[in-house]
Amino acid sequence: MSLRVLRTMCAVVFIGGIAGLVISSVLDNNGAVLTVGLLTVVAAVSLLAASAVARREPIDAFDEAKAERLEVSVQRLVDSGAPESDVRDLVREAMRLGRGA
Numbered sequence: 001m002s003l004r005v006l007r008t009m010c011a012v013v014f015i016g017g018i019a020g021l022v023i024s025s026v027l028d029n030n031g032a033v034l035t036v037g038l039l040t041v042v043a044a045v046s047l048l049a050a051s052a053v054a055r056r057e058p059i060d061a062f063d064e065a066k067a068e069r070l071e072v073s074v075q076r077l078v079d080s081g082a083p084e085s086d087v088r089d090l091v092r093e094a095m096r097l098g099r100g101a
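FYI, the numbering for the sequence shown is 1 to 101, going by my numbering.
Derived from the structure by calculation, the hints contain no laboratory data.
It is possible that some hints are incorrect.
Said to hold, decoys possible - Cβ-Cβ distance ranges computed for the label pairs, FRET-style:
| hint | residue 1 | residue 2 | range |
| --- | --- | --- | --- |
| 1 | 72 | 93 | 50 to 60 Å |
| 2 | 29 | 64 | 52 to 62 Å |
| 3 | 66 | 18 | 29 to 39 Å |
| 4 | 32 | 64 | 36 to 46 Å |
| 5 | 69 | 16 | 46 to 56 Å |
| 6 | 68 | 90 | 43 to 53 Å |
| 7 | 63 | 14 | 49 to 59 Å |
| 8 | 52 | 15 | 55 to 65 Å |
| 9 | 55 | 9 | 17 to 27 Å |
| 10 | 73 | 16 | 36 to 46 Å |
| 11 | 53 | 14 | 54 to 64 Å |
| 12 | 97 | 51 | 22 to 32 Å |
What the hints assert, rightly or not - The list that follows gives simulated cross-link-like pairs (lysine to any residue, SDA-like), each with its CA atoms no further than 25 Å apart:
| hint | residue 1 | residue 2 |
| --- | --- | --- |
| 13 | 66 | 80 |
| 14 | 66 | 92 |
| 15 | 66 | 90 |
| 16 | 66 | 20 |
| 17 | 66 | 99 |
| 18 | 66 | 100 |
All residues carry an ideal CB built from backbone N, CA and C; glycine is no exception.
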């Protein structure tokens, strides 16, 4: 089953769940309210789990060694007379450019 089909099915369950909760509340049927609520929760958890598993892009991991090398380079430029705020602005701009943002 594709993620798109699961999302559509969950959307139907969510919409039906809202209607079911309203109707069963008006009818004062606590068992029906609990049942509809639990079915909606199962759909939500299923959607969250499937979305997490089907994630296509890699998770960004913070690389401590690379960050330390960058900080040493920034400090070297600052020590040689460059204004620290200008150097840090340049690093931020380079990071944005590298991320494509």
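Hint-by-hint comparison with the structure:
no. : hint                : result
1   : 72 / 93: 50 to 60 Å : violated, 19 Å
2   : 29 / 64: 52 to 62 Å : holds, 56 Å
3   : 66 / 18: 29 to 39 Å : violated, 47 Å
4   : 32 / 64: 36 to 46 Å : violated, 53 Å
5   : 69 / 16: 46 to 56 Å : holds, 55 Å
6   : 68 / 90: 43 to 53 Å : violated, 18 Å
7   : 63 / 14: 49 to 59 Å : violated, 39 Å
8   : 52 / 15: 55 to 65 Å : violated, 23 Å
9   : 55 / 9: 17 to 27 Å  : holds, 19 Å
10  : 73 / 16: 36 to 46 Å : violated, 57 Å
11  : 53 / 14: 54 to 64 Å : violated, 20 Å
12  : 97 / 51: 22 to 32 Å : holds, 30 Å
13  : 66 / 80             : holds, 21 Å
14  : 66 / 92             : holds, 15 Å
15  : 66 / 90             : holds, 17 Å
16  : 66 / 20             : violated, 53 Å
17  : 66 / 99             : holds, 16 Å
18  : 66 / 100            : holds, 19 Å
Of the numbered hints listed earlier, those contradicted by the structure are 1, 3, 4, 6, 7, 8, 10, 11, 16.
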